[in-house]
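Visitor: Those protein sequences? They're chains A and V, same order as listed.
Mapping to the working numbering: the first sequence position 29 is 62, numbers consecutive.
Mapping to the working numbering: the second sequence position 1 is 4, numbers consecutive.
In short, the hints are calculated from the structure, not lab data.
By construction, the Cβ of each residue, glycine as well, lies at the ideal position given by its N, Cα and C atoms.
Careful: at least some of the hints might be erroneous.
[As the list claims (entries may be wrong)] Below, simulated EDC-like cross-link-like pairs (lysine to aspartate or glutamate); rule was C-alpha separation at most 20 Å, straight line:
#1 A:Lys-73 x V:Glu-18
#2 A:Lys-73 x V:Asp-39
#3 V:Lys-82 x V:Glu-17
[Said to hold, decoys possible] Derived contacts from chain V toward chain A, CB cut-off under 8 Å, selection only:
#4 Gly-58
#5 Pro-68
#6 Lys-69
#7 Cys-87
#8 Glu-98
#9 Gly-100
Spelled out from the first residue to the last, the chains are:
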Amino acid sequence: MAGTVKRDYSLVGESTRRAIETGLASAKWYHTDVSRKAIKELMQRSDGPAIRDTIIWIVAILGSAAGGIYFWGTWWCVPFFFVYGVLYGSSSDSRWHECGHGTAFRTRWMNDVVYQIASFMLMRNPVTWRWSHARHHTDTIIVGRDAEIAVMRPPDLLRTALAFTGILDFRYSLPALVRQAFGKLTPDEKSYVPEMEQHKAVIAARWHIVIYIATIAVALYTWSWLPLVLIGVPRLYGTWHMVLTGLLQHIGLADNVVDHRLNTRTVYMNPISRFIYWNMNYHVEHHMFPMVPYHALPRLHELIKHDLPEPNPSMWHAYREVWPVLLRQLKYEDYFLKRELPLTARPYRGEFHEVNMSAAAE
Amino acid sequence: MADWVEACAVDDVEEEDVIRFDHGGRTFAIYRSPDDEFFATDGFCTHEKAHLADGLVMDDIIECPKHNGRFNYKTGQAKGAPVCINLQTYPVKIEAGKVMIQIN
Numbered sequence: 034m035a036g037t038v039k040r041d042y043s044l045v046g047e048s049t050r051r052a053i054e055t056g057l058a059s060a061k062w063y064h065t066d067v068s069r070k071a072i073k074e075l076m077q078r079s080d081g082p083a084i085r086d087t088i089i090w091i092v093a094i095l096g097s098a099a100g101g102i103y104f105w106g107t108w109w110c111v112p113f114f115f116v117y118g119v120l121y122g123s124s125s126d127s128r129w130h131e132c133g134h135g136t137a138f139r140t141r142w143m144n145d146v147v148y149q150i151a152s153f154m155l156m157r158n159p160v161t162w163r164w165s166h167a168r169h170h171t172d173t174i175i176v177g178r179d180a181e182i183a184v185m186r187p188p189d190l191l192r193t194a195l196a197f198t199g200i201l202d203f204r205y206s207l208p209a210l211v212r213q214a215f216g217k218l219t220p221d222e223k224s225y226v227p228e229m230e231q232h233k234a235v236i237a238a239r240w241h242i243v244i245y246i247a248t249i250a251v252a253l254y255t256w257s258w259l260p261l262v263l264i265g266v267p268r269l270y271g272t273w274h275m276v277l278t279g280l281l282q283h284i285g286l287a288d289n290v291v292d293h294r295l296n297t298r299t300v301y302m303n304p305i306s307r308f309i310y311w312n313m314n315y316h317v318e319h320h321m322f323p324m325v326p327y328h329a330l331p332r333l334h335e336l337i338k339h340d341l342p343e344p345n346p347s348m349w350h351a352y353r354e355v356w357p358v359l360l361r362q363l364k365y366e367d368y369f370l371k372r373e374l375p376l377t378a379r380p381y382r383g384e385f386h387e388v389n390m391s392a393a394a395e
Numbered sequence: 004m005a006d007w008v009e010a011c012a013v014d015d016v017e018e019e020d021v022i023r024f025d026h027g028g029r030t031f032a033i034y035r036s037p038d039d040e041f042f043a044t045d046g047f048c049t050h051e052k053a054h055l056a057d058g059l060v061m062d063d064i065i066e067c068p069k070h071n072g073r074f075n076y077k078t079g080q081a082k083g084a085p086v087c088i089n090l091q092t093y094p095v096k097i098e099a100g101k102v103m104i105q106i107n
């Protein structure tokens, strides 16, 4: 049982050793039973929906950027940069994610092009992050294994609040790219990026840095902030929606379990957020069946919802549910929210998890 | 000495699909391509131990259900991250409506 053992979120530390030793690392996860015929149909790829959505996305990015440039120097530029920022700093995350999985488009090169563009917008090294995300799917919220745990325990509430401004991410991402451009990967990065891929991470980081240097040069040459407001800085002022939606994926739920129903959350969202987020609000479904493209997730949800906890009806509802859990975790970090399953679901099997189920709030 | 082993009946595999075949403590994946040819590879992804038979066949590609790693199931070639190691392939022949694979 996890008990009161202090969590070590390094990927090469004590929690890593324990996760491997106890079989939590690379474990077999719970899946809702779905017939091969049904899942095969849901997994089918098509270019159509993603081409349509990408055209809308690009037109919206270019349109809002054009408006911002046109009205630059007046207050009228603010609403345009508000939209541009969210598209640049938030919607790029879901494009990065879906294209990284290779599920957005059927055609591989289309996934790769959008993946590279979105990685740049997010200041993410396209190589290291591809591998960290693979690890996230293998060992979702397994402490010492998952490189993408957004809120660690005990939660740092100030840090979590600051995440909405993008400052902390920016402070980490840019120096990380500079470090990688100089050929240095951290022990954590080396733990999930295979040796044969590490040089690609260095090359990718160098390309990103070259573009940022060019942007700064243009800003200095024109003696204007505008180039930076268009490239790079949207990662600060436009990142709030990514954090607003993304934090809810796992926050306040169990760690060190092998059932996505216990550590992942599905939240019903408004259509605009779902467009920005590319349906990743169906997050339990995505983790259980990562082969299903974003546009088929609502259908997958309908198919398996009898076996999943009731989704939160809104983001507001989800945050209201999470807040008291976070406060409690400040004093008692084992505490987590165990969400009710419907009567039609197969029950949780606590004995297969390392987590102390008695620490759960239901 | 390589043995030919009966893996399944031809009709057990749908067109552009894959099934799992276990034999001698090993797991294989049997594919039927869109042009009605049969192929066989190791059953587990070379990245992590996921059953390829739960994955998706698209043209000559098998995509792993765990991390979407892609292989050409005809040649075993890994098509890029997160798969870097090629997949072992096995000769296949059809005899009297049965899919036979040659296992080393």
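Visitor: For which of the previously enumerated hints does the structure constitute a violation, in increasing order of number?
Guide: Going through the list in order, the structure violates hints 3, 8 and 9 and respects the others.
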